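Asks: Spelled out from the first residue to the last, the chains are:
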Amino acid sequence: MDILSNWIMGLSVALQPYNIMIAIVGIVLGIIVGVLPGLGGANGVAILIPITFAMSPTSAVILLACIYWGALYGGGICSILFNIPGEPWAVAVTFDGYPMAKSGRAGKALVLSFLSHGVGAIIGVILLTFFAPIIAEFALRFGPPETAAVMVLTFSAMTRLGGKSALKSLVAIFLGFILAAVGLDIVSGKLRMTFGTVPLMGGFHFIVAVIGLFGLGEIFLTVEEGLKMEGVKAKVTLKDIWDGLKDLLRFRRILIMGSLIGCWLGIQPGGATPASFMAYGFAKSSAADKDQFGKGASSGIIAPEAAGHGAGTAATLPMITLGIPGSPTMAVIMGGLMIMGLQPGPMLFKEHADFVWGFIGSIWVANFLGLILVLAFAPAFAAILRIKFSILMPIIIYVCAIGAFAVNNRMIDIYYMIIFGIVGYLFKKLDYPMAPMVLALVLGNLAESATRQALIMGRGNPLIFFRPPIALPLMLIALFLFFWPTISKWIKRSSVKKAVT
Amino acid sequence: MRKADIIVALGLMVVGLLALGDAVRLGFGWGMSGPESGFFPFYMGLGIVISTFFILLRAIKIYKKEGSGKPLIPEGGTAQILWVLLPAIGVVLLTELLGLHLATVLYLAFYMGIVGKIHWGKVILLSVLVPLVVYVLFDRIFLIPLPEGIWGKNILALIPF
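From first to last, the protein sequence lines are chains A and B. Residues in the first sequence are numbered consecutively from 12, following this note's numbering. Residues in the second sequence are numbered consecutively from 1122, following this note's numbering.
Everything labelled a hint here was simulated from the structure, so no lab data went into it. All figures in this text were calculated on a predicted structure; none of them were measured in a lab. Using N, Cα and C, we set each Cβ at its ideal position, and we do this for glycine too. There may be inaccurate statements among the hints.
Said to hold, decoys possible - Dumping the calculated BS3-like pairs for lysine-lysine here, alpha-carbon to alpha-carbon at most 25 Å:
1. B:Lys1191 <-> A:Lys439
2. A:Lys399 <-> A:Lys246
3. B:Lys1238 <-> A:Lys500
4. A:Lys250 <-> A:Lys201
5. B:Lys1182 <-> B:Lys1124
6. B:Lys1182 <-> A:Lys503
7. A:Lys399 <-> B:Lys1186
8. B:Lys1182 <-> A:Lys440
9. A:Lys201 <-> A:Lys113
10. B:Lys1238 <-> A:Lys439
11. A:Lys361 <-> A:Lys113
12. A:Lys508 <-> B:Lys1243
13. A:Lys244 <-> A:Lys113
Unchecked claim - Ranges of calculated distance between the beta carbons of each label pair, as one might list FRET restraints:
14. A:Asn420 <-> B:Gly1148: 48 to 54 Å
15. A:Ala387 <-> B:Gly1211: 36 to 42 Å
16. B:Thr1199 <-> A:Ser505: 42 to 48 Å
17. A:Pro484 <-> B:Phe1174: 28 to 34 Å
18. B:Phe1174 <-> A:Leu487: 37 to 43 Å
19. B:Glu1187 <-> A:Lys399: 49 to 55 Å
20. A:Ala391 <-> B:Val1249: 23 to 29 Å
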C-alpha cells in the first residue's frame, strides 16, 4: 500500500500545470525528433540537457524523459509513411507498416502503431511502478564489488545481445571506457592519455559523443544512399481509430506478448531493437495468416511497436534503481541526472523519494498525453519530413553543433562531434555496435571507481568480485552469458566431427 | 568494405596501444593504497589490442579468400557525404572567426541556395530567421552563450539592436 500512496503522490507532482506544460513541450519535441533522421531520441535529449540546467530537477527530468517518449511514438511515423526507420528499433515496423500505408490504409497503420505503443508503455510503467521500490531495497545492499559485478553483467549481456560480432562489441566497450578515462583522474590527480595537449585534459563528454555518433553519423548514413523523402500522405480519421482498436482486441495475445517481450528485454541494456525483432518474429510464427506478413498484417505492426515502447519504458527500471541505463537514450538521461547532482541508484529512492515518484508519475501522464497528441497530430508531424532536405539538414547540423558546444562552452567539442560523426558512420557500416560504447562512456568513471574500491576492499584479491551472496551469482551469470555461445559452438563442432567419423 | 574493416581495426589497435603506453607510464600495478592510475586503462587497452588482433585475423582471412567485397560507400555516396561533411567543417572553422550565428547564416544560405537550389527569397529569409530565433532563444532567454568568434562581436555590434 506504500507503493500506492507514493504513486498517487507522484501523479500529483506530475499533474501540476507547469509540469504538464513541460511534458507537452517535451513530447512534441520528442515526436519531431523521432520523426527526423539524424536527430534520434538519444541525440535529442543530449542537445537539450544544457537547457535544463535552469530548471528544477523534477521538471528537468520530465522534459528529458518526455522527449524520449515522444521520440518512441514518433519513430513509427517515419517508418510507416516513408519506409525509413527513424530509430534502430523502428526497422521491424517498416516490414508491414509501409505496405499497409502504401495500400491506402496509412491512417490505420499509424493508429495501430500509436495504440500499440500506448499499451506497451502502460505495461512497462506498471512494471516500473511496482518493481522499482522492491529492486531499490534490494540494491541498497550493494557495495562496490556488487556494483562492479552488475557492470560486468551489463556489459557481458550487451556483448552478446548487440550486433553480430562479440569481438566488435568488446572493442566498442573497451573504447568507451578508454574515452571515459581520458583527462583528469580524480583519485590520483594525474592526467591520463592527454599526451600533453590542453584540450584533451577536459576529456570526452558523453553528450558530445552521442550527438556525433547518433546524430551526424545517422545523417551521413541517410545521405549516402541519396534518400529522397517521398512518403505516403496520411490522415488519421475516427474510423481508423475504431478499426485500430478492434484489431488491437483481436490480436490482444500478440499485443500482450509483444509488450512483455519488450519489457523483459528492455530491462537489459540494448534491449529495444532485438525486442522489436523478436516480437515481430513471434507474431509471424504464431499467426494464422502468415502470408499476410510483409504485405500489411495488423499484428506485424502491433508486435514490434508494443515491444519497442515497452522496452523503452522498462529501460527506466534499472536506471532508477541500480543506476544502469537500459538504453542509450536512458544513458543520456541518466547522465543528465548526474550533472544535476542526482546519482541514480538505490540511494535516490531513499533520499529523493519525491523526485523519483514524480518522475514515475510523469511517465504515466506523459505516455497518455503522447498517445493523444500523436493520434491527433500525426499528419502534421509527418509533414515536417516533407520540408526539403537541403533546408532540414543544415538546420539539424546547426542544432547539433549548439548542443555539442553548450555542454562545456568549448569549441573543441564541436570538432569532437564531427570526429565522432565520422566514427559513428564507420562503426555503423562495419558492424561495430555504438550502444555499448555510449554506455561505457557514461558508466566508465562509475565502473572504474567501483572496481578500484572493490579491489582495495579485497586488498588486491580479484576474488572479491565473486563474494556471496549477491556479487557471486551476478558474476557467474555474466561469465555464463559471455562464454556460453563460444562453448556451445565448440560442442556442436566436436559432435559434428564425431558424427563424420 | 573488407579493406575498410582491416584499416579501422588497425586504427583501433593503435588507440589501444596508445592507452597501453600511457598506462605503463602511469603505472598499472598496485600503488600505495590501491590500483594505480594506469590500472584500468591498461586492461582496457590490452582488451582492445587483443580483440582487434583477432578481428584483424578474421578480416584478413576473409579478404584473402573473397577479395574486397562490397565497396564501403555505395555509388555516388561519397559525393553526398562530402557535401554534408565539408560544409559542416567549413561552418565550424568559420565560427572561430565570425561566431556561430553569423557563420550559420552563411552556411544555411550556401547550402539552401547552392546545393538545394532553393528560391533566393526563401533562402535569405530562412538563413536569417533561423539563427535569429536561435540567438534569441539561447543567448537571451536560456542565457547559454554561444561561440562569438574573433570578429563576431564587432560585426554584431554594427547591427543597431
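Asks: Would you mind marking each hint as holding or not holding in the structure?
Replies: Right, here's what the structure says about each hint:
| no. | hint | result |
| --- | --- | --- |
| 1 | B:Lys1191 <-> A:Lys439 | holds, 15 Å |
| 2 | A:Lys399 <-> A:Lys246 | holds, 21 Å |
| 3 | B:Lys1238 <-> A:Lys500 | violated, 56 Å |
| 4 | A:Lys250 <-> A:Lys201 | violated, 66 Å |
| 5 | B:Lys1182 <-> B:Lys1124 | holds, 12 Å |
| 6 | B:Lys1182 <-> A:Lys503 | holds, 23 Å |
| 7 | A:Lys399 <-> B:Lys1186 | violated, 44 Å |
| 8 | B:Lys1182 <-> A:Lys440 | holds, 19 Å |
| 9 | A:Lys201 <-> A:Lys113 | violated, 60 Å |
| 10 | B:Lys1238 <-> A:Lys439 | violated, 31 Å |
| 11 | A:Lys361 <-> A:Lys113 | violated, 52 Å |
| 12 | A:Lys508 <-> B:Lys1243 | violated, 70 Å |
| 13 | A:Lys244 <-> A:Lys113 | holds, 9 Å |
| 14 | A:Asn420 <-> B:Gly1148: 48 to 54 Å | violated, 34 Å |
| 15 | A:Ala387 <-> B:Gly1211: 36 to 42 Å | holds, 41 Å |
| 16 | B:Thr1199 <-> A:Ser505: 42 to 48 Å | holds, 46 Å |
| 17 | A:Pro484 <-> B:Phe1174: 28 to 34 Å | holds, 32 Å |
| 18 | B:Phe1174 <-> A:Leu487: 37 to 43 Å | violated, 28 Å |
| 19 | B:Glu1187 <-> A:Lys399: 49 to 55 Å | violated, 41 Å |
| 20 | A:Ala391 <-> B:Val1249: 23 to 29 Å | holds, 25 Å |
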